[in-house]
Amino acid sequence: MLAAASITREVGWAIVIVLGLIWIGLGILWGRKAKNSEGFMLAGRNVGLSLGSATAMATWVTSNTMMVAPLLALKMGIWGMLAYASASFGLMLFAPLAARIKSVMPDGFTSGDFFRQRYGAAGWSMFMVITLLYSITWLVTMAIAGGKLLEELGEIPYLQGMSLILVVCVLYTLFGGLYAVIGTDFIQSLIILLGVVAIGVMVLFHLDHGATYEYVETNQPALLDVLMPVALLAFFNNMLFGFGEVFHNNVWWSRAFAMRKGVAPKAFFLSGILWFPIPIAAGFIALAAGPLGINVTDPSKVGPAVANHVLGEYGMGMTGGILILVVLFCSIASSIDSLLAATSDLLVKDVYCGLFKRKLTDDTFRRVAAVAILLVAGIAWLVALPGHNLDTVLFSAGGLVASLIWPIIAGLFWKRCNRALVLIGIIAGVITGYICWFAVQTYVAALAGGAVSMLFTVLSRFIAPSPFPERTSASPNVE
Amino acid sequence: MWFGFPSARRTPQIGTASRTIRLHYLIPLIAVVAMSMCGEVVGADEIDFSNREALAESPSDDGTITLAWDKADESVVVVVEQDTSSEFESPLLRYEGPDSATVLSGFRDGAYYFRIRESGSDDWSEPLRIRVEYIGRSRLFFLLATGGLVVLATAGAIVGGYLHTREKEGES
Chain A
1 MLAAASITRE
11 VGWAIVIVLG
21 LIWIGLGILW
31 GRKAKNSEGF
41 MLAGRNVGLS
51 LGSATAMATW
61 VTSNTMMVAP
71 LLALKMGIWG
81 MLAYASASFG
91 LMLFAPLAAR
101 IKSVMPDGFT
111 SGDFFRQRYG
121 AAGWSMFMVI
131 TLLYSITWLV
141 TMAIAGGKLL
151 EELGEIPYLQ
161 GMSLILVVCV
171 LYTLFGGLYA
181 VIGTDFIQSL
191 IILLGVVAIG
201 VMVLFHLDHG
211 ATYEYVETNQ
221 PALLDVLMPV
231 ALLAFFNNML
241 FGFGEVFHNN
251 VWWSRAFAMR
261 KGVAPKAFFL
271 SGILWFPIPI
281 AAGFIALAAG
291 PLGINVTDPS
301 KVGPAVANHV
311 LGEYGMGMTG
321 GILILVVLFC
331 SIASSIDSLL
341 AATSDLLVKD
351 VYCGLFKRKL
361 TDDTFRRVAA
371 VAILLVAGIA
381 WLVALPGHNL
391 DTVLFSAGGL
401 VASLIWPIIA
411 GLFWKRCNRA
421 LVLIGIIAGV
431 ITGYICWFAV
441 QTYVAALAGG
451 AVSMLFTVLS
461 RFIAPSPFPE
471 RTSASPNVE
Chain B
1 MWFGFPSARR
11 TPQIGTASRT
21 IRLHYLIPLI
31 AVVAMSMCGE
41 VVGADEIDFS
51 NREALAESPS
61 DDGTITLAWD
71 KADESVVVVV
81 EQDTSSEFES
91 PLLRYEGPDS
101 ATVLSGFRDG
111 AYYFRIRESG
121 SDDWSEPLRI
131 RVEYIGRSRL
141 FFLLATGGLV
151 VLATAGAIVG
161 GYLHTREKEG
171 ES
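In the order they appear, the protein sequences are chains A and B.
Under my numbering, the residues of the first sequence are numbered 1 to 479, in order.
Under my numbering, the residues of the second sequence are numbered 1 to 172, in order.
Among these hints, one or two may not hold up.
[Said to hold, decoys possible] The following label-pair restraints were derived from C-beta to C-beta distances:
id, chain 1, residue 1, chain 2, residue 2, range
1, A, Ile435, B, Glu57, 31 to 37 Å
2, B, Ala111, A, Phe356, 23 to 29 Å
3, A, Thr212, B, Glu126, 29 to 35 Å
4, B, Ala111, A, Thr8, 43 to 49 Å
5, B, Gly148, A, Leu374, 42 to 48 Å
6, A, Val201, B, Leu149, 36 to 42 Å
7, A, Lys415, B, Ala111, 55 to 61 Å
8, B, Ala111, A, Glu214, 22 to 28 Å
9, A, Thr212, B, Thr84, 21 to 27 Å
10, A, Lys415, B, Gly148, 26 to 32 Å
11, A, Lys415, B, Glu57, 51 to 57 Å
12, B, Val159, A, Asp208, 43 to 49 Å
13, A, Thr361, B, Val159, 41 to 47 Å
14, A, Thr361, B, Phe142, 36 to 42 Å
Calculated from the structure, these hints are not laboratory results.
Backbone N, C-alpha and C define an ideal beta-carbon position, used for all residues, glycine too.
Let's have the full structure, built from the sequences with the hints guiding it.
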């Protein structure tokens, strides 16, 4: 056990249910704005700068930010925090990509549309397998984090906590679509920012910095090494992981499509800047675990455990536990809902309409979207059952997402390339990523996968290139 | 010294090695669920590291070591010490309490010895030798150079592409 639970099981259940009811209520309220499929999927393509920045930031503040960033700090020290924070560059670099996306596909719906148009059926199939596999992986990490969080703070059994959080997020995503997701993201981002700052400041003032340095120097000397090998690898790996994730995933493309003209680049750049300090603040508290005498038995839980301990020292007891649970629940919910919505869009638009050639009216759209959301959540629930280590699960997907970085760049900015070579590069990148993750190091999959895919994509520009096909209608089967 | 050894392969984990966990994730979802149901072997009366074999065989490649032990009774308090020699001439107390595991991080390259006993007892377990072997220096620098190159090239391609296309769109 890391620390004594600061809230009772009943309080834990009550908080999640009350917050869930609030989100569901808001989902129903905002969901009324969705008059058609475009409203449900893309919030009427009318999202402004403040909502746009908030939703991008809140979505990127996942349970991984709050729980894996401290884990990396525990294992790698300051470099670990910076490694996680480097994922903000993915959001910042998506700003120019979003401008281009809006220009190339003003009527686009999903990132799958783009891949189908640029790389044909083979490229689209490959993309769908990769993005669905990754989206499920990401969803699984958040479900695991939710379960472990409730287990840590309220002694709610892992299975119950994980299921509860997933059910609540599914419900309000079902009701409101992207309107509900973006609206709740705005509120959740404010709670996350205020909560992280408050907890971070309390830990900062609670620590004896001299004693902390002495403890780390004696017990964790490698954390003070400027050239800690695994930390340096994690820095580049995590940055490329962030690039790959943001550049390809429909979570971000749907937001780009949903924002008003000219808003997306500013919103993504701003959200990257706002997001950068969050993993540093969240990670910093993990360094306090040893000096505060907290025994870490599960590194995934070190963040909430230290925060819980410090707030307890401040005499906040149950109030502190509630604060941590609310902040982390918001961070989990803000990402699970986005992923559910974006992944179901892909299943509906690209698989149901695209692959199976089924026509959807606005009346039937919601029913199919609901089935897709339930399907994705069900798969995630099944895979999350064992409760694996968060970083092991998360970084396994590094090669998958990093292999898509350069094909996306080429598709957006280049006029021609050898498309077969690009697709071979994606396969080679994925395989290399998995081999390196398994045989070399956990923190090299994205780096290796991205490098191999980049090499093939650059070569595709010079070896028998041909022009990309002309763009066609982005949403042929949604009326 | 943080360099000079061949690259390491995996990080020891509680009960199961990380390679096993990775394999779980590479095979179909059903297998993941099935594998998770495999239980750990419960230890005997004496307190010892339950993952001794895995830790002794597999060096840590990230400077993190997870020690786990089995206890007959949850209330039993254990003491874990660390040293750089098997003689434990200047031991460092790493854990004292009722938990069944501890995660220790921030180790540099080298060999470390651990032992465990029940609080109040004089019977220490056999020393457990664990190696920490970070990735080899040449491979590390190659990967870092590759990472730096990919990051710079990616940023350059995006910014360059954006400026170029914006110029073209402005002209048209």
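Here's how the hints hold up against the structure:
The given range of 31 to 37 Å is broken by Ile435 of chain A and Glu57 of chain B, whose C-beta atoms sit roughly 22 Å from each other. Separated by about 59 Å at the C-beta atoms, Ala111 of chain B and Phe356 of chain A break the suggested range of 23 to 29 Å. A hinted range of 29 to 35 Å holds for the C-beta pair Thr212 of chain A and Glu126 of chain B, which are about 34 Å apart. Between Ala111 of chain B and Thr8 of chain A the beta carbons are some 45 Å apart, a value that agrees with the proposed interval 43 to 49 Å.
For Gly148 of chain B and Leu374 of chain A, the Cβ-Cβ distance of about 44 Å falls inside the hinted range of 42 to 48 Å, so the restraint holds. In this structure the hint that Val201 of chain A and Leu149 of chain B lie 36 to 42 Å apart at CB holds, the actual value being about 39 Å. Hint check: Lys415 of chain A to Ala111 of chain B, Cβ distance near 57 Å, so the stated range 55 to 61 Å holds. For the hinted restraint 22 to 28 Å between Ala111 of chain B and Glu214 of chain A, the CB-CB distance of approximately 24 Å keeps it satisfied.
At about 23 Å, the CB distance of Thr212 of chain A to Thr84 of chain B agrees with the hint of 21 to 27 Å. Lys415 of chain A and Gly148 of chain B have their C-beta atoms about 28 Å apart, which keeps the hinted 26 to 32 Å range intact. Checked against the hint of 51 to 57 Å, the pair Lys415 of chain A and Glu57 of chain B passes, with Cβ atoms roughly 54 Å apart. For the pair Val159 of chain B and Asp208 of chain A, the supplied restraint of 43 to 49 Å holds, since their beta-carbon distance comes to about 45 Å.
The hinted range of 41 to 47 Å is satisfied by Thr361 of chain A and Val159 of chain B, whose Cβ atoms lie roughly 42 Å apart. Checked against the hint of 36 to 42 Å, the C-beta distance between Thr361 of chain A and Phe142 of chain B comes to roughly 56 Å, which is inconsistent with it.
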